[in-house]
Each structure stands twice: as C-alpha cells, then as structure tokens.
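Colleague: This is what each chain is made of:
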Amino acid sequence: MLCAGLVFIMHLGFATLETGLTRSKNTVNILVKNTFILCVGILAYAFFGFGLMYPGDFNGLIGSAGLGLPIGAQGLTSAYADGGYTYWTDFLFQAMFAATAATIVSGAVAERIKLGPFMAFSFIYVAFFYPIVGSWKWGGGWLDGLGFYDFAGSTLVHSVGGWGALVGAYMLGPRHGKYVNGRVRPIPGHSMPLATIGVFLLWLGWFGFNGGSVLNADPGATSRVLMTTCIAAAAGGPAAMYTSWGLWKKPDLSMSLNGILAGLVAITAGADQMGLFSSFFIGLIAGITVVLAVSFFDRVHIDDPVGAISVHLVCGIWGTLAVGIFGDMAGLKQFGLQLVGVLSYGAASLLVAFGLFYALKKGVGIRVHIEDEITGLDLSEHGMHAYGDFVIDDTH
Amino acid sequence: MLCAGLVFIMHLGFATLETGLTRSKNTVNILVKNTFILCVGILAYAFFGFGLMYPGDFNGLIGSAGLGLPIGAQGLTSAYADGGYTYWTDFLFQAMFAATAATIVSGAVAERIKLGPFMAFSFIYVAFFYPIVGSWKWGGGWLDGLGFYDFAGSTLVHSVGGWGALVGAYMLGPRHGKYVNGRVRPIPGHSMPLATIGVFLLWLGWFGFNGGSVLNADPGATSRVLMTTCIAAAAGGPAAMYTSWGLWKKPDLSMSLNGILAGLVAITAGADQMGLFSSFFIGLIAGITVVLAVSFFDRVHIDDPVGAISVHLVCGIWGTLAVGIFGDMAGLKQFGLQLVGVLSYGAASLLVAFGLFYALKKGVGIRVHIEDEITGLDLSEHGMHAYGDFVIDDTH
Amino acid sequence: MLCAGLVFIMHLGFATLETGLTRSKNTVNILVKNTFILCVGILAYAFFGFGLMYPGDFNGLIGSAGLGLPIGAQGLTSAYADGGYTYWTDFLFQAMFAATAATIVSGAVAERIKLGPFMAFSFIYVAFFYPIVGSWKWGGGWLDGLGFYDFAGSTLVHSVGGWGALVGAYMLGPRHGKYVNGRVRPIPGHSMPLATIGVFLLWLGWFGFNGGSVLNADPGATSRVLMTTCIAAAAGGPAAMYTSWGLWKKPDLSMSLNGILAGLVAITAGADQMGLFSSFFIGLIAGITVVLAVSFFDRVHIDDPVGAISVHLVCGIWGTLAVGIFGDMAGLKQFGLQLVGVLSYGAASLLVAFGLFYALKKGVGIRVHIEDEITGLDLSEHGMHAYGDFVIDDTH
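Chains as they are written, first to last, in the numbering used here: chain H, 1 to 396; chain R, 1 to 396; chain V, 1 to 396.
Just chain H, with the same shape it has in the complex:
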C-alpha cells in the first residue's frame, strides 16, 4: 500500500521532469498528457490489463485470468485470505508500473506529437501490450521458465517504454530547429527547479518501485533493496556530472539529474542481488553511459527532449545485463539468458511500437502542424498558457 503511494508519486515526478526540461509553450500539453496517462493507465489496467498479465499459467505467452480484474465476492475473499499483501494493492501497484511504460514514451515524443494519437498509442500499449509481454516473466511465462531475471523491471518496464520512446522519436522526427545544417542546437528546458523536483520524486518513488517489488515486505530483503537502489542513484549522479564536466568543461545539471535516473534504472533488474560495491559500480557505469548515449542520439539526429531513450532504454539494457555479471547466478550462462530477455523484449516492443505508430501516422497523422509547433501546443491544442502572468521570451 505504501509502495503503491510511492510509485504513484513517480508519475508526478515524470510530469514535472518532462515539463521542466521542455519549453514553457508546451507545458499544458505535457501536463494533460501525463495526467491522462495516469488516469487511463489505471482504468485500462483495471478493465483489461491485469487479467492478461497474471497468473499466466495458461500457455506462457498470454495470462489466463481473462480481461481485467475479476469481480465478485470470491475475488475479494481470496484477497483477504493471503494476509498482509492483498489483491487490490497488487493491482494498484502493477497499474502504476504499467502507466510508467507509457510515461517514458511521453518524454521522448514531447513538444511535437498530436494529443489524440498519443492517447491511442498509450492506451493500447498499457492495456494490451505491456501486460502480455509482462506475463512472459512476471506472469510465470516462457522467459521466467528459461531463467531470465528482472527483479523490478529494468527490461519489463523501462526498456519496454524505452523502445517505444525510440520508435516514437524516430518516426516523428526532430523538433523544428533542433538540428540546423547538420549541427545540434540545444533547446534548453524552461524550469530547472521543476526538473529537479521531478528527479527527487522519482528517486523517492523508486524506493516504492524496487522496495515494493519485494512482495512480502520482508524487512531485511526490503532494506537491502533500498540500500542498493540508493547507492546506484548516488553513484550515477556524480558520475554523469563529472563526465559532462570533463567533456564540456561545465558541471551540467540536466546530466547530473539524468545520471541519477540512469543509476536507478540500471539497478532495478538486480536490486535484490547486489552488494554495496556492485551497486556502486552499476550506478557509476550507468551515469557515464547516459551522458555518452545522449550525445550519440543527438549525433544521429534522434531528438529526445528529456533523454528518455538514454536513461530508460540504454541503462535498462545495461542493468539487465549487469545481473549476468554481478548477480547471484553471474556467469556466461546467466549473461546469455539476460541477453535473450533483452532481445526478446526489444524485438516485441520495436515491432508493436512501430506497428502502432505507423498505423497512426498513416491513418490520422502523428505530428502537429509546423505553425502549431512554433506557436506551442498549449495555445494550439488547449487554447491556454501555462504561465498566464509571466512575460515569456519564446524566440528559441
């Protein structure tokens, strides 16, 4: 229950982070998107997703419990029966996870995607795709049987969201003015305090994301998970800061913040198996990697306003593989299994995300008009400003 609350607060963290790192003329649009995802994510998961994901003992590919939450006295009674950890809380906790996958996509496609198609994509991704592939591992499906390990979702949540983000950002193309004559023109965010609030709230939420994944709340195991989570985050932030300091002569705040997130994403797959030093090392590598990845995606002109692909996809993969290097079963065999998991989720996510975005692009279009993009989505899609009283300079 507590952990569902903490994971809930992650959605506020995502909303403020994405808002802070983008321009003020698209703020209302981003807040609408993030609010919508949370609401519809919960509803979609309640009416469709939950039953698709658990228990999954049917055939290992799709959960067998039918669509949505089973209703009725019996379901409720069994919830009481298991003591301590209950059915409804489990649902809430998982619904928050499911909505996270769509929120990750939201950051990468910000400032240029049409609201309607984004909503359609999110709904299908959360309600159907996420739970089906989720059941491969957490529903006891074929990857679980194989021995693939992902404690709290470096792959199942973060890379699934990250692949969607990659496809979305690629198919939309970069924001107007981001790459001019082959050169990268930075588009700074409009509020660093909002971005920082976002990352602190996400860190706090991760206490619930990872801590809550110790489902029976064993105090020893839970507190170990919290320790590894914190150490990885604390290593990732300074690692990214010093990397950016070395590369560009200035300690960069956005990179430090993304470094913290990178550490959090990376530790998630093995948070219950790591020790002090392996957590530190996983976070350190993640923090360095995220800076290089952000540079890389800019070089190939994939425009990701908040760095979501670098954080969630790249570091999600790193964290998943790290279980094969530092985890309890570390070795070539486990590393291979982790790779199989990474590739399976990658293939499925790429396929489905591409199919959905392609269909939406052909069907209704996914990108706003260029004039609307320059004016800002707040005015064009919502008819209002986010900051009514302030004098804004939106020449960039």
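Among these hints, one or two may not hold up.
Heads up, the list lumps identical chains together, so a pair's fine if it works in one copy or across two of them.
[What the hints assert, rightly or not] Each computed DSS-like pair below joins lysine-lysine, with the alpha-carbon atoms no more than 27 Å apart:
1. K178 - K361
2. K178 - K362
3. K249 - K178
4. K249 - K361
5. K333 - K249
6. K250 - K362
Since the hints were derived computationally from the structure, they do not count as laboratory data.
Starting from the structure of chain H, add chains R and V where the hints point.
Modeller: What follows is chains R and V alone, placed relative to chain H:
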C-alpha cells in the same frame, strides 16, 4: 501515522493548487493563508476541537470529552493500551481533517478577502463548528444513530467546507473584472505546473485520507479503499476532460484536474462499500458534474477562483447520495437517510458560515479595498512579491 | 524504511527552500550543490562515515567499527536477526541525517561560494567530522555516558550544521550589495511557492526524522513524537508571523516559514519527552527567537541568504537546553549537561569548520569573482539559465 503524513501533504496540495489557479500578484497572500490554516488548525484542534468531537456519548449533539486533548499520564497510558492505533496519531489525523474544511473555504474566497477576518473565520470554523457537527456522525451522535453513512467525509469534511466556501464567495462578491457587462471574463491562473502538482499531491494524500479512515489498518479493507479511491479519481479526470472538450472544443487542463478531485471527493463517502464498477461510475458522474457546476456558478456570478464549491460541495453531495444508490444498504430508505445527512450539515453550515461572515462583514469588513485588489494582495498586505526576479504582466 | 523515505524528501525540501529564497540567477548552482550533497553524502557515509559512528564502544571518541559499511554475509545475517529494524535501513536513515548537516551549510553560503571548495568541505564534514562527533552521543561515546540528551539531533545534526554555516558565512563575507553604507538592503528570493513547498516537505520529512528516531517503531512512542513535532511546528509558524507583523507591520511569509522550521529544530532534542504544553511553548519561543536572530545576524553583517544559522544553530541550541527545562530529568543538573553538550559540539564544529574553510580559502579560494557573482553563478559556473523562457529582471 503514515496516513497522518499523507493527509498532511494534502495541505501542500491545496496550497499549490490554489496558488497555481490564481494570479501571481496574490501568491504570497495565499501561501500565508494556507500555512496559517495548517498551523492554527492543528493548535485549535489540539486545545479545543478534539474534545468537542469525541467520544460524543453525552447527548448526541456535542462531544463530552471537554475541550481539547486530555492531558496527563492517564491519557497517555490508555493510548498505549489499545495497540497499533494510538491516541496521538488519531488526534493528528483528525486535526489534518479539520484544517481541510477551512482550506476549502480559502480557495473560493481567494484574491479578495482580508487576511484578519479570514483567520478569525477559519479559527472558529475549525476549533468549534467542525468538531461539533463532526460529532453528530463520527462522535456517535444523532445522525450516526439514525443510520446516515459517511465513510471519510464527503459530507462531514468536504461539504462542510464547501458550504462555507459558497457563503464566503457569495458574501464577498466576485473579483474585480470577472463579470463585465453580464459576461464572464476568465481570469487564468499563473502556473499550471503548480496546479498540477497540487492535484497529484491531493490524490496521494487521499490515499491517506480514505485509507487511513479504515482505522485499524486491516490490509484487505484498506487496499479495497485505495482501489475504489483510485478508480474514481481516474474516471473523474478524463470524464471532465472529455466533457470540456465536447463543450468548448479544447481539452481543458484545469477541468481535468478538478475532475480528478471531483472523483476523489465523491468516492469518499462510500469508499469502503464500492466495487470496481460503482467506483468508476461515481467518478465518471462526478467528473461530468464538476464541469457543469463550474459553468453554473459562473452563470449566477458566484466567483470561485479555483472551483472549490463545484468540487467539494456539489460532488460531496453527489458522493454522499451515491452511498444510498450503490452502497451495501442501497435503497430508498438509505437514500433518504443520506439526504437527511446532507440537508442537516447543509443547514448547520449555511447558518454558521453566514453568521460568521455576516458578523465579520459588519464588524470589520471582509473585502480588501479595490485598489489593493488591483495592485494585488502580496504588495498591499505583505509588502513583497512572490516572484522577485521575473517580469510580470498583470494587466489582467 | 518509511522514515528513510521521509528523511530523503527533506533533501528536496532543503533544495526547494534554498532555491526559492535566493535569486533566479543562482538557481542551477544551488540545485547542483544540493543534488551533489545528497549523492556524495550517501556514498561518503557508506564507504567511510557509518563505521566511524557506530557502535563507538572503542574509546568513546571515535566509533570502532572501521571505515564504512561492513560487507559480507555475516553483516547481512545479523541484519535479518533483529527483526523489524534492519541494518541497511539504519544505514540509509543515518546517511540522510549526515547529508543534512552539509545541506544546512549550503543555505548560508549560497550565491557566492565556489562549487569545488564547497564540495570538498561537504565531503569531509559528512564523511569524517559528522560521524566522529555523532558517536560521542549516538555511538555511546563520552557525552552519552555523561547523561547529555539529544533525541533526534537538535545539537548533533542541526547545530553541527549551523556552526558550519556560521563559519562559512562569516569567512565568505556578505553577498555583493547586501550591506551598503552600513545599511541592510534586502535581497528578496525569486519564488515563494518553491520556498513554501520546501518548508512543507521539510515538515513532512521531520515526521520521519523524529518519528524514525524511535528506532523500534513503538506505536505509542512514535505517535507521541509526531504529536510533539507537529505542535511545535504549528506554534513556531504563527509565533514568527506575529512577531514580524508586530516589528514591521506586515505578516512576513519567509519569517512564518522559518518559524515553522525553528519549531521543528527546537523540538527535535526532546521530542520524545515533551507533552502538549511544553511542545507548544518550545515552538513558540523558537518562532519568536528566529525572527530576532535573523535581525541580529543582519545587524552584525553576517549574510545568511536563507536564515539557516538562525533556524538550525540558534533554535538547535534552544531546543537542546529546553530538554533541561521541560524534559523528564528537568533540573539544574540536566540543564548543565545539556549546556556541556551544546558547548562541546560548538567548540568541535567551530574548530573543524574554521580549519577546513581556512585551508580552502588559503589554498584555492572559496569565493567566486565579483563579476561572476553579479552575472550569477548559473551562467558563470554552469553555462546555463534555470528559466530559459522567462524574461528576468536581475537588476537587484
């Protein structure tokens, strides 16, 4: 204890929501008001209110435990005796509830009320009125005996606050420039991120508000309450968004946010009795209702800057009546009892709020001078700006 | 675990409070500092501090457990053995405390200190100094043996940070333009909502700071601590507001916020020993004191942008002494012991903070160039603006 913390955070939610939906020139004033209410609410409840509300076995109209918290070793000992849920926590939890009633009023009277009279009103409402009428139900008073049901305060907290808000907004009159020549001129808020942060924090706080009202923390019952609370909120937000989209051709962020709150207020009365579908339906109706109510109050020229009356009063009534429609005892008899409760609290609140505001208006005046209102209360009442460094355009 | 989460959120509170009370041109710098302190505080405490502080049965001056967290199966096993409260959680909780001491310094030296030297100071203060002096009391050292009492750190955390803040602010000198021709020129903060968010989050975090210090989570004792904490905060806020109202004819928001913090700091030393009235009185005195202290430090031209010295040092001392006046062992003897503790920590902190800042000043310089200070540290040290889209008036 956890839940007292969550309900505490609701006060930050109310403060940021109210701040975000109003103009930057009144921001300091709103923050002072909300900070003051929280502090004085806690003190007032500790020294006066708590004893007035519980146990209420005296005569069914006023609690019999004397004023305030009973002091001394005996009180403390009995707190230890009941195990798990203790006296002091109960006090804190209830004090946070009590302060909520005054905070609701704060939003509706924002941008034009004098600080001193508002403080006087809040103090009396929290210290004396709220606990006395609260004891009618939660202190085991006459409405409890009758069979009226209000799980966590759709009526006892939200409509009590909402009636006060209605009276306050009516007696103050609209803000300068809101209704010009019979037409509504929207006065946009100054920070949509602050407003969104507010609603997310309120939603989180509601986990504690409703979840904590399952006083013995039975895991099954608590998690059911969290599920119903979340489903209603998640239904209310999109319902309000699509309603505004249909009416005004734009998906409105403020309405979506108020729709979430509407769902939360409405589910509060029966959060422990509803199922998946009834929660969904209650939230859905609340989300649609709140948009229509905001329009209605604008049409009758009752100026409520944040929509507090529509959210807390209108949807508080809807939620209370819904217990008679979907609850465990649903039927004409229960519906009648719910109506009796709604009307009783309505009559008492209207009477007392009107008496207090009338006395203050006649005695010292409740509205700031028109020049001060145009300048903004921050400068006129507090001698400072909320945003010292920013260039502000306050022509509206 | 919950309490570690709450204390974690205090760091977001400190970051937003310090950001809100300073100018927008130094916002990125402050966010970098606060993010860094949290990360490095956790790492420093994990690799060095924790073992220096506990169990301290060696000689009463320095903890004997060696550097950092003991690694290995045995440590983990013993963590499981004690049930309910575990080793790793204890570490996290204490690491958050340790980082708090450095964060307090951060506020007082804001807007003019060089990033590198500040990082060096923070690292040494958190990794070595804080745990060594912390062990004098919480590690069972000589002050614990003597009978000095400090429940959750009015002296061990807040005054240790406060003395460092005093030394730092004194050695840096005031910000450019703060004292002109012997007169105080107020430099207003740039965002009162951020400052208010900070204080509310700190208050919430204090639930964990004090509540979590009841290490075994006894519900009766914990809820008593939450009650005393809340009452002191609720008394401190209005006390400071009315004091400022009386002195300067306007109810001051910054003072009200600092009054709440003053009450929280002051109750911390004896939160488990106070009753309703003594908590109220301790908070009341703290709220009045903090306003007078802020005036005093301005009069002696010690420039503390956020009031950290007044809040954490002055009210930390008051709270520690108050245990000798209102606590369970109240009397001249206990008052004397409290005074010994205050003076011992004062002498040690002054000595070490002075030594560190002196060495850094002579070695590399601690203050940025005057042109960089006028331009703002965001541009000069980080090459970016915190609010890219807003038109800023930074003539003050």
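Colleague: Would you mind marking each hint as holding or not holding in the structure?
Modeller: Going through the hints against the structure:
no., hint, result
1, K178 - K361, "within (22 Å within a copy, 43 Å between copies)"
2, K178 - K362, "within (25 Å within a copy, 45 Å between copies)"
3, K249 - K178, "within (22 Å within a copy, 31 Å between copies)"
4, K249 - K361, "between (41 Å within a copy, 23 Å between copies)"
5, K333 - K249, "neither (42 Å within a copy, 57 Å between copies)"
6, K250 - K362, "between (43 Å within a copy, 24 Å between copies)"
Checked against the numbered hints above, the structure breaks only hint 5 and satisfies the rest.
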